[in-house]
Structure formats: structure tokens, C-alpha cells
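Could you put the whole structure together from the sequences, leaning on the hints where they help?
In the order they appear, the protein sequences are chains F and H.
Residue numbers are given in my numbering: position 246 of the first sequence equals residue 246, and the series is strictly consecutive.
Residue numbers are given in my numbering: position 89 of the second sequence equals residue 89, and the series is strictly consecutive.
You may find that some hints are simply not true.
Because identical chains cannot be distinguished in the list, a pair is counted as satisfied if it fits within a single copy or across any two copies.
[As the list claims (entries may be wrong)] No more than 25 Å apart at the CA atoms, straight line, and that leaves these computed lysine to any residue pairs for SDA-like:
1) LYS158 to PRO27
2) LYS299 to GLY312
3) LYS87 to PRO27
4) LYS87 to PRO41
5) LYS299 to VAL256
6) LYS87 to GLY149
7) LYS87 to ALA148
8) LYS87 to PRO43
9) LYS254 to VAL316
10) LYS87 to PRO123
11) LYS158 to GLY229
12) LYS158 to ALA304
13) LYS87 to PRO147
14) LYS87 to CYS45
The set of hints was computed from the structure by calculation and includes no laboratory data.
Number of protein chains: 2
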Amino acid sequence: MSSSTKEATRSGEFDLIARFFAPLAAPGALGLRDDAALVTPSPGCELVVTSDTVIAGVHFREDDAADLIAKKALRVNLSDLAAKGAKPIGFLHALTLNRGVTDAWLELYAQGLKQDILAYGAPLLGGDTTMSPGPVTITITALGEVPAGAALLRSGAKPGDTVYVTGTIGDSALGLACLAGDLLLPRAERAALTDRYHLPRPRCAAGVALRGIAGAALDISDGLVADLGHMAAASNAAIAIDRDAVPLSAVARKAVTNDPRLWEKILAGGDDYEIAFTAPDGVDAGRAATDVPLTAIGKVTAGAGVTVMANGVPVVLASRGYRHR
Amino acid sequence: MSSSTKEATRSGEFDLIARFFAPLAAPGALGLRDDAALVTPSPGCELVVTSDTVIAGVHFREDDAADLIAKKALRVNLSDLAAKGAKPIGFLHALTLNRGVTDAWLELYAQGLKQDILAYGAPLLGGDTTMSPGPVTITITALGEVPAGAALLRSGAKPGDTVYVTGTIGDSALGLACLAGDLLLPRAERAALTDRYHLPRPRCAAGVALRGIAGAALDISDGLVADLGHMAAASNAAIAIDRDAVPLSAVARKAVTNDPRLWEKILAGGDDYEIAFTAPDGVDAGRAATDVPLTAIGKVTAGAGVTVMANGVPVVLASRGYRHR
Numbered sequence: 001m002s003s004s005t006k007e008a009t010r011s012g013e014f015d016l017i018a019r020f021f022a023p024l025a026a027p028g029a030l031g032l033r034d035d036a037a038l039v040t041p042s043p044g045c046e047l048v049v050t051s052d053t054v055i056a057g058v059h060f061r062e063d064d065a066a067d068l069i070a071k072k073a074l075r076v077n078l079s080d081l082a083a084k085g086a087k088p089i090g091f092l093h094a095l096t097l098n099r100g101v102t103d104a105w106l107e108l109y110a111q112g113l114k115q116d117i118l119a120y121g122a123p124l125l126g127g128d129t130t131m132s133p134g135p136v137t138i139t140i141t142a143l144g145e146v147p148a149g150a151a152l153l154r155s156g157a158k159p160g161d162t163v164y165v166t167g168t169i170g171d172s173a174l175g176l177a178c179l180a181g182d183l184l185l186p187r188a189e190r191a192a193l194t195d196r197y198h199l200p201r202p203r204c205a206a207g208v209a210l211r212g213i214a215g216a217a218l219d220i221s222d223g224l225v226a227d228l229g230h231m232a233a234a235s236n237a238a239i240a241i242d243r244d245a246v247p248l249s250a251v252a253r254k255a256v257t258n259d260p261r262l263w264e265k266i267l268a269g270g271d272d273y274e275i276a277f278t279a280p281d282g283v284d285a286g287r288a289a290t291d292v293p294l295t296a297i298g299k300v301t302a303g304a305g306v307t308v309m310a311n312g313v314p315v316v317l318a319s320r321g322y323r324h325r
Numbered sequence: 001m002s003s004s005t006k007e008a009t010r011s012g013e014f015d016l017i018a019r020f021f022a023p024l025a026a027p028g029a030l031g032l033r034d035d036a037a038l039v040t041p042s043p044g045c046e047l048v049v050t051s052d053t054v055i056a057g058v059h060f061r062e063d064d065a066a067d068l069i070a071k072k073a074l075r076v077n078l079s080d081l082a083a084k085g086a087k088p089i090g091f092l093h094a095l096t097l098n099r100g101v102t103d104a105w106l107e108l109y110a111q112g113l114k115q116d117i118l119a120y121g122a123p124l125l126g127g128d129t130t131m132s133p134g135p136v137t138i139t140i141t142a143l144g145e146v147p148a149g150a151a152l153l154r155s156g157a158k159p160g161d162t163v164y165v166t167g168t169i170g171d172s173a174l175g176l177a178c179l180a181g182d183l184l185l186p187r188a189e190r191a192a193l194t195d196r197y198h199l200p201r202p203r204c205a206a207g208v209a210l211r212g213i214a215g216a217a218l219d220i221s222d223g224l225v226a227d228l229g230h231m232a233a234a235s236n237a238a239i240a241i242d243r244d245a246v247p248l249s250a251v252a253r254k255a256v257t258n259d260p261r262l263w264e265k266i267l268a269g270g271d272d273y274e275i276a277f278t279a280p281d282g283v284d285a286g287r288a289a290t291d292v293p294l295t296a297i298g299k300v301t302a303g304a305g306v307t308v309m310a311n312g313v314p315v316v317l318a319s320r321g322y323r324h325r
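Here it is, written out as C-alpha cells:
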């Protein structure tokens, strides 16, 4: 677009695209020289589309490494696809830079993006590069596909179902607490937790494996309790979980044993990017062939809302997880 | 996502989505209560996907009316689909707000978006709402479909082809000059031009009608000469146009007759959102059943670059159109 008020900058958009992003482009992306990309979904599949924006100083720390920022921006979108049971097709990448961004930053950013494009089989289809006086802002729109009718939704939880989660919960929130100086741990433990904060592991294979098994599913981004609340609301049901059944990493287990107040962060902190799902009464979802452990943490009941029980008593959480603002 | 550095604000993301955007959602958008939307493309079709970001103070004027901002943000994406010969399927809407945005602004914005959703048959599929300390930033990702193999590309221009444009060129750039105080015109003439600047008319029907006729196509956003340069480069060919064949509105014709220096803005100013395309030698594309006039303005030749001729002499342009920065 043209405008009288454009920011001048070091490199033109075409130079940036050609230099850093064109080498990452998929064949359908037309070398990023066109205004749009062509994609052919597999026959009989539905498309799943999702879009997430991350902003410097809001969703990531301004001094986070550029390759980690790129990877997290992509992975939070791949996590949304995973929770739908969808296989990635590719993504569009809208990158808003400012004058403070150096070529070295961009090079590291593109390197991180390339590594994840290969790791997740999610090619770059296109996008837009713009300059702003504001913070670096990244909007990624991911496209995936799922056999028609097989997508996992938030709304399928039914009373009697068992509630499961993939992997472990709370590492990322504890990692952020370490970065913020609120949690002091030995170096190796700290590194294990901050790594989970910087680098979500979207559960792509697990999501596909749960097609036909899970009744409802979502990825945990706002916090376990908050996201189970979204599932309960979308399903017109209640969910009750047993705090002591929630799977923790060894590092998180040790930390919360030393300081039980950390349960709050574990249950409400968010950024887990694990999948929470329900399986119908009688289905042992724990035996699904996933590449990550599945743990039963509770049940769906009639009613509304989420209850967390510990030692037979309801736990009251000060916050119910990150509320989008 | 969770973070320690979130901005506090007046309304939560869920409130904003529920109040302003959920009423606009398509059925596949799952009421915007899910993290992803489901879309079923028509059998035998390829998907066309495109993403464009617009930023307050950069791509639109901060005091532009909110409904016009919404419409322009959507229409520049629909214009990309149109130039590919694609029919819109819908769009994802990533909206980054700041504390300066009022509910009244959002209401007008959502109203504008709704009008265009209906006008263009492009439903809202999903998106993300975030808060930033920076300027209002809108990234729209539009999805369209086209029968497999029928998409129009930039790269199909061949020596001997005729070059055409839809509609009229330069109105938008002259409208921006009016808004910037660089061009003084009577009120009605000014209004006709600024309206073209604020409200692109994506040539959706013309794009579909040109399937099978156009060899190469693109939408004119950076300026007629710059965009023909992109087409020439993608096609490994040269393009020569006759300045006096370029179709102008009556208002633009009068303005440039009074001040021939305005040719520069007309040819290089951009924001036209008309389609430029080529048709093979012997095909009278001017007879294609489009809802907008088609005008032959030049020829494709062997070589490289774009030449503008006027009265048999090459015209030298000071700028070659907006260069993305």
C-alpha cells in the first residue's frame, strides 16, 4: 500500500523478503514474489485455520533470543492445529518490525523459523513485512487439514467422560517465574523450566492420534484451570480434577514440594501448550498411540465450571489463569 | 498466552470478541469460542491465501473513520484474491489495539467490517485480539478458492501480449494528495477522489471473469508502473505502456489537464486496487464479461523493465511507485 506517512528504514520490504524469507518459502508460495500463495488441501479434508499474534514486551520478552521468538510464534499456532487433530499444511507470516531491529536479529529470527519449518513440516506460504513505530509484532496464520468431520472441538465433553492431559503441566509458568526472579532454583533446574517457557512443544502427533478417541480437546495456553473452564462452558458441563493427579516434571514436583504456593502457578499460569481432552466413559484413552504420556486428571460431570480437589477438599485459586486482555 | 508483562486494559479479550466480533462470525468459526476455525473448500479447487498488515500512522491515517479502516484492511486482501481469479472463502482477523481505542471506535470498526462481510460474501472465520503499547495494527489473512490450475499469476506475460487495466488509475493517489493538502479541488471532486483512497473496490467479479483469458495478473497497490515492473520481472519480459491510454476518471482527467505534474502521482502513487493483466496476442480481453471497464494500455515485449511513452517519447518518472519499506 502507498501512504504519505511511511516510515523510512534501512532495508526495503522486498530486500528483506528476498534476503531472509524467500529462501524459506514453499513451492506454492510462488517464491514470495506474488501477493498470494496457492495451496491444494488433500481430498476429503477440512481445513483448520488459526491466527495468533505475539507482541514484544507483551507476549515475549524483548531480550528473548530472536530464534526462540520465531519458534514460539509459530509453535503456539501449531499447538492450536494439534488440539484440533489437524496436520499442518503451512503458515502465513505477518512480521511488523521497527527501526531498532538489526540484520543480525533478523538473520537469527529467520534461522529459528527455518529450523521449525523443517521440524514440523509446516512450510512458509506467504505473508507481509511492515515497519511500525511500535513494538515488534508477529501474526502467524497456520493452516492445517483433518479428514472431514474428524476435527476435535472444545464442545464435546459429556458427563461421565474422563479428562486427560498430555505431557506435564506448569513447567512453563515456573520457567517464567524463574526469568522474572520470583523463583530461585539451581542452574540446571532453572534451564529445564525456562526452556519450556521459550519453546512450546506443540503436540502435533498426539493430536492426530486422538482423532476418533477424544470427545473434546483444546491446547492449554491460558492455564489448565482456565482452559478446562472454556471446555466446560463450550460443552455445557462441569469438570472436576484431582490436583494430585496433574502430571508434573521432576523439577516442578521438587519445586512445589518445597513451596506449595507454586501450585497456583502450575494450575493457572498457562503457556503449557499441552492438549487437554476428554474421552468417553469406557474408552481407555491412556492407551492411545501417542508420542507423549497421557494422564487422567479428572472427570466431566453435570453442571458448570471447574473444581480442583486436593486431599478430598476443593482448592481455591486466587487467579483462574491468564485472562486475555 | 500468558506473560508477566501483560498490559492491563478496560476490556478482556473475551469480552471484546464476544461483544464486537462473535456476531460477525461464520458457522465454521465456531462462534469464535474455539482456537481455530473449520473450512471446507469446494472439491477440485485450489486455495489461495494472502496476508496483509495495515498500521495506524503508516498505512492509514490515525483519524480515518474506524469503519473505513476496517473496510480498507479487508478489501486490500480481497483485492489480492481477485487478482488471482479467486472467489473469497473468508478471512482471519488479527487486531492489535491499544489503550487509546474506545468502545465507540470498536463499534464503528465492527460495523464497517460487517457491512463488507455481507457485501463481499467473505465471512469472518477467526482471529486474535491483542493489546499493545504501539499503534493499532490489523493483519487480515484472506482465503479464497479457484478451480485447480486456473489461478492467475504474475509470471504469465509473454511478448506480443496486450496489457490491460480494470477501472481507472490514479484516483486514490490524488485523493491522498487532497487529504495531505497537496492538491486543492472543489469539494465534490475532492470527495470523489478521497473516497477512492479510503475505499478500494476489489475487482472480485472481474478477477473471476478473467480466468482462462488473462495470461498474467496482479492488483495495483504499489503504483501502476511499479506493479507492471513486478509483472515484467516475474515474467522475464518488458512492458511498454502508452501514458495517454491509461484510463482516468473525469475528475482525475480534469486535474491532470490543469497540472500535468500530477501524472507522476497517477502512474506511481498506488493504492489503486485495480487489476492489471495481460491477454495473449489475438485475444480481445476487452470483451470479457466483467462488471468494470477494461482498457488496453500497452504491450509486452522482449527485454526487461517498464517503459512509459507519451506522444512518442519515453516519460521519466521521478519515483517508480511506492517501494515497500
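Evaluate LYS87 and GLY149 at a C-alpha cut-off of 25 Å and name the case that applies: within, between, both or neither.
Cα proximity of LYS87 and GLY149: in one copy and across copies (14 Å, 24 Å).
Evaluate LYS299 and GLY312 at a C-alpha cut-off of 25 Å and name the case that applies: within, between, both or neither.
within (14 Å within a copy, 81 Å between copies)
One pair to classify: LYS254 and VAL316, alpha carbons no more than 25 Å apart. Within, between, both, or neither?
within (22 Å within a copy, 73 Å between copies)
With identical chains, the pair LYS299 and VAL256 could be close in the same copy or across copies; at 25 Å between alpha carbons, which is it: within, between, both, or neither?
Classified as within: same-chain Cα gap 24 Å, cross-chain 73 Å, threshold 25 Å.
Alpha-carbon proximity between LYS87 and ALA148, which holds within one copy, between copies, both or neither at 25 Å:
For LYS87 and ALA148, the Cα distance is within 25 Å both inside one copy (13 Å) and across copies (22 Å).
Check LYS87 against PRO27 for me: Cα-Cα at most 25 Å, and say if that holds within a copy, between copies, both or neither.
both (18 Å within a copy, 22 Å between copies)
What label fits LYS87 with PRO41 when the C-alpha limit is 25 Å: within, between, both, or neither?
Classified as both; 11 Å inside a copy, 16 Å across copies.
Intra- versus inter-subunit Cα pairing at 25 Å for LYS87 with PRO147
Result: close both inside a copy and across copies, 10 Å intra and 23 Å inter.
Checking LYS87 and PRO123: alpha-carbon separation at most 25 Å within a copy, between copies, both or neither?
Both, since 12 Å and 24 Å are each at most 25 Å.
Using 25 Å as the alpha-carbon threshold, which applies to LYS158 and PRO27: within, between, both, or neither?
This pair counts as between: shortest inter-copy Cα distance 22 Å, intra-copy 43 Å.
Reference check for the pair LYS87 and CYS45, CA-CA at most 25 Å: within, between, both, or neither?
both (10 Å within a copy, 19 Å between copies)
Intra/inter-copy verdict for LYS158 and GLY229 if alpha-carbon distance must be at most 25 Å
For LYS158 and GLY229, the Cα distance is within 25 Å only inside one copy (14 Å; across copies 59 Å).
The structure is consistent with each of the numbered hints, conforming to all of them.
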